[in-house]
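Could you put together the complete structure from these sequences and hints?
Sequential numbering from 16 applies to the sequence shown in the working numbering.
FYI, nobody ran anything at the bench for these hints, they're computed from the structure. Note that CB positions come from ideal geometry on N, CA and C, so glycine has one too. Certain hints may be false.
[Claimed, not checked] What follows is a list of derived Cβ distance ranges for each label pair:
1) V127 <-> L213: 14 to 24 angstroms
2) D276 <-> T222: 15 to 25 angstroms
3) L306 <-> N194: 17 to 27 angstroms
4) T292 <-> R64: 18 to 28 angstroms
5) D276 <-> P176: 15 to 25 angstroms
6) P247 <-> V280: 41 to 51 angstroms
7) D145 <-> A169: 21 to 31 angstroms
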Amino acid sequence: MIRWRTLSIVVVTGAVLTVATAAGAVTHEADAEGDAVMVNAFEAERELRRQRSIDPRLATTRYARAPMCNMSTGGGTEMGDADDAFGEGDSDGDGRIACGPSNTTVPVPVCVDGPPVLPLWRQTRAEFTDPWPAEWTLALGYSCPEDAVPTMTAADFRRLPLAAPVLRLQPDRGWVLVNKETVVMTDPAEQTLRTDLLGYGVDVVATPASYRYDFGDGSADLVTTSPGHAWPNHDTFHFYERLGTVQVTLTTTWQGRYRVDGTTVWRDVNGTATTATTSAPFTVEERRSRLVDDLCTDIPKPDDC
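Structure representation (structure tokens):
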């Protein structure tokens, strides 16, 4: 067992966060990899939140945030002096948290949402009546603030109440002509939603990525990234070749990005969601022109109209 000097650390036990000075020596008796108990920064943050909900007098586990330093011998790690991270100033002016005189600070990551988060160390005792041991073991190394927030999965994204965009047809009169263009189009507007993810507030923006039109006549679907335009600038349309009654179904594929409360970074959702909407039934008809004796708008309507 290797013993190290007294240091300042931030200790989390149960629901209380306090600044404490360890009495006597703080020890670390194994390497970081062997003692790691956290899979990632988010898991570590959830565990800290859970610990804060426990009465500290009944806690059998407590955590501390403190630097991780390279040992001069043995290739292991130790807890370093908290230094500037806890208001004591950067004593050597190198912008890093001080470690022991015979050690060097483990390189820290470059983060997007702010300064790196100090490594997490853990103490455990068998019973809450037992004294806390001298040993601290490494639970998680340096991480970034953005890593300590939940990830929105494709399944989370698909559970959001996305509204299907409005499907519009032209002409829209209950019938269309066979072998003539039937124009389809929709609204490409983004949707902004607010949701909760594992206890965190999250802003989500959903954007249409593609559109699939099923024209209900057995023909191949039309897949496009264009929302469509009205005649005569239309670019999404269909020719019905058979008479009958049909419906058009529009399936929209959405891509998303999200921002967790307390962060400034927008992240892409790794996956998509879909919505679908179907038109009212309409008929495909054939209309023939012919000469008539009178106006078909006359009342009563002429027999030859």
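Okay, the hints, checked on the actual structure:
1. The hinted window of 14 to 24 angstroms between V127 and L213 holds, with their beta carbons roughly 20 angstroms apart.
2. In this structure the hint that D276 and T222 lie 15 to 25 angstroms apart at CB holds, the actual value being about 21 angstroms.
3. For the pair L306 and N194, the supplied restraint of 17 to 27 angstroms holds, since their beta-carbon distance comes to about 22 angstroms.
4. Checked against the given bound of 18 to 28 angstroms, the beta carbons of T292 and R64, roughly 41 angstroms apart, lie outside it.
5. A C-beta distance of roughly 20 angstroms is found between D276 and P176, which places it inside the suggested range of 15 to 25 angstroms.
6. In this structure the supplied range 41 to 51 angstroms holds for P247 paired with V280, their Cβ-Cβ distance being about 44 angstroms.
7. A hinted range of 21 to 31 angstroms for the beta carbons of D145 and A169 is inconsistent with their spacing of about 45 angstroms.
The structure is inconsistent with the numbered hints 4 and 7, although it conforms to all the rest.
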